[in-house]
Amino acid sequence: MNESPRPHLSVSGPDAALLAWMSAAVTNAVAITRSFDLPPRLVTRVLHHAFDAGHFLALGLASAGLVGLYLRFGRARPRASAAVFVALSLALGALVLPPDLRNASRRLSTGHAAWAEPALLALFVALFSLAVPLAALLGRLAARPYLRWVAIGLAAGLVSANPLLLPGDYAGPRLFVASAAAALLAAALAGAVLPARLARLAARARPLRAPLLAAASLGAAASLVVPPRSSVAIGLMSPSGSLLPPFLGALHGGTIPADAPVPPEMAPWFVDRSAAPPVPPSGPPILPRSPAIVLVTIDGLRNDIVASGRYDDRLPHITSLRERGVYFRNARAPGAQTVYSLSSLFAGTYFSQQYWTLYAGRHRGLWPWRDESTRFPELLRARGVSTITFASTEWLVNQYGVVRGFSEDIYVRPPGNGTWVMGEPLVDAALARLAKVGDEPFFLYLHLLDAHAPYNLAGAAGTPFERHLRELMLVDRHVGRLLAALERSSFADRVAFILTSDHGEAFGEHGLFTHATSLYDELLRVPLIVQARNIAPRVVGDDVTLVDLGPTILDLFGAETPGTFLGQSLVPYLRGESPTLTRPILADSRLKRALVLRDGTKVIVNDRAHTVELYDLAADPGETTNLADDTARLSPPLSLLRRFLTTHGIRREGYEIPYRP
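Read in order, the letters of the sequence shown correspond to residues 1 to 661 in the UniProt record's numbering.
Some clues are possibly wrong.
Derived EDC-like pairs (lysine to aspartate or glutamate); straight-line CA-CA distance at most 20 Å [stated by the list, open to error]:
# : residue 1 : residue 2
1 : Lys436    : Asp409
2 : Lys436    : Asp493
3 : Lys436    : Glu408
4 : Lys436    : Glu487
Per label pair, the in silico range of CB-to-CB distance [as the list claims (entries may be wrong)]:
# : residue 1 : residue 2 : range
5 : Ser217    : Gly361    : 49 to 55 Å
6 : Pro285    : Ala619    : 38 to 44 Å
7 : Ala161    : Pro278    : 51 to 57 Å
8 : Leu95     : Pro195    : 38 to 44 Å
Calculated directly from the structure, the hints in this document are not laboratory data.
These numbers come from a predicted model, not from an experiment.
Backbone N, C-alpha and C fix where the C-beta goes; we use that ideal spot for every residue, glycine too.
Build the full structure now, drawing on both the sequences and the hints.
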């Protein structure tokens, strides 16, 4: 009796492409479920995975279609087909990669000829783009029994690592990493002979192929065309291997209506203030004649480290300052990155109002060196105040425009080719200068960078947070040296010491680490302490912003504040009063903008990804429940944010507010 022949089926090229992308979808779903916090609501999680799978399916179907075209028309011309593959990959790379890679090109070209930046950018774009055809070639070489498993493992590793590649940013490079993984896997699978049982199953399912393909195409198309609701969209844009949402945002954008009136008490801040009159000092001076003010910003010091009390014994000098001064426990930075935050602190305006253009100095990149906004040290210097800074990095001197108006701006150079100097030599230089102070009024500014990532200054052992905390202990000692010197000085009775931070730091909250890539409160909430001998200690719970510091310092010197500044003086709090501050509190960083209202409502808009978030900070301080699906609740704060940006955003012919990583 003759046995029926076993079906002999192999994986076709189009099927291999589809299988590769769907394998990537499964791997990504597992990776983001295990590695990142998903939204708490089950329906949101299901929709998150559904849209994510639809996007991967769309990529798989598109890839399968391209492979099918190759098999039909290009197989007889392999060289021409390879050239077309390379050209298509380079063209797509040129379209989507430059915004993510331009800043790295600028940084690496610093100190070289002007042609170095575009040359480096072209090189980076080419490397990422060519990774896809090279991965396909490697996959064909691995299209052997057993070797296929090596390709499968490598592709799975790339897809699993992709969400961890600079999470929260760099959508273009992540798309190409995933595409390279899919190309590697598809090329390795193409031609593989299916096991007999699987071959029989595939043969039986052949009649279902056409309807399944039609349904899959409809589902994939729906995932591309139908806008996900806000809570789902932000999940897809969060640190995950989701690839298409950053590029689909423009298609889905502009769907949220927002038109609400401005509260009457806030109305003066929602009109053009270019001709607004200056704001006089808030009252009689609280410092003796010839005030001396020292402002210290600590890089990456988040507020809860100071507020919680858990680390008081490890940060004794900052703790003592908190107990002896006026501690603003709800202060926020105006940006999540040093350059954004400090430029707003000194200019009294936000990034979207400032003019950032290419500066070809040692730190090549976009800087506000041609921005015409007044920095408050310029006003102090015009009044005869000695304005002094010892810069821990070169771009904190006058010429870059982040700060400006210092009569003495001394860059304390790090040893070798370092980017910044640590606190000890910086404080040494400041103490030497303070020893020369006489009876004149002065303003001194220092930015301490010891606690900046990668947190290796105080040893490599422990978690990132533990290493960061050890670096903050070093910073605390520097603060203690400054405080001791001021207390011993001849001007101790007229000095005010202000301590704050440029931004917070993330340690896994929202799936993010370090800073710069979001506007959540772990990055915006910073300590703010003002201490002087004749200022009574207190804790202030009102929301304040570092944009208030310019008006505050001008007020302490008895100077008026320009009407263009968008902060308000905090000096009434230093007198023991309880003023009502009406200016809005914003943050502006990497084309992300946030607005915080007095009732705890916070809205975050990402103009690059076209996503919106809404949080009730009173009920949800961890910002875990996005309420933006409630359009009625979202509309008022979103309207205020849009109106503020429309009113105050820079208008300059030919200038577009840039994306600056």
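So, going through the hints one by one against the coordinates:
no.: 1; hint: Lys436 to Asp409; result: holds (16 Å)
no.: 2; hint: Lys436 to Asp493; result: holds (17 Å)
no.: 3; hint: Lys436 to Glu408; result: holds (13 Å)
no.: 4; hint: Lys436 to Glu487; result: holds (15 Å)
no.: 5; hint: Ser217 to Gly361: 49 to 55 Å; result: holds (53 Å)
no.: 6; hint: Pro285 to Ala619: 38 to 44 Å; result: holds (42 Å)
no.: 7; hint: Ala161 to Pro278: 51 to 57 Å; result: holds (54 Å)
no.: 8; hint: Leu95 to Pro195: 38 to 44 Å; result: holds (41 Å)
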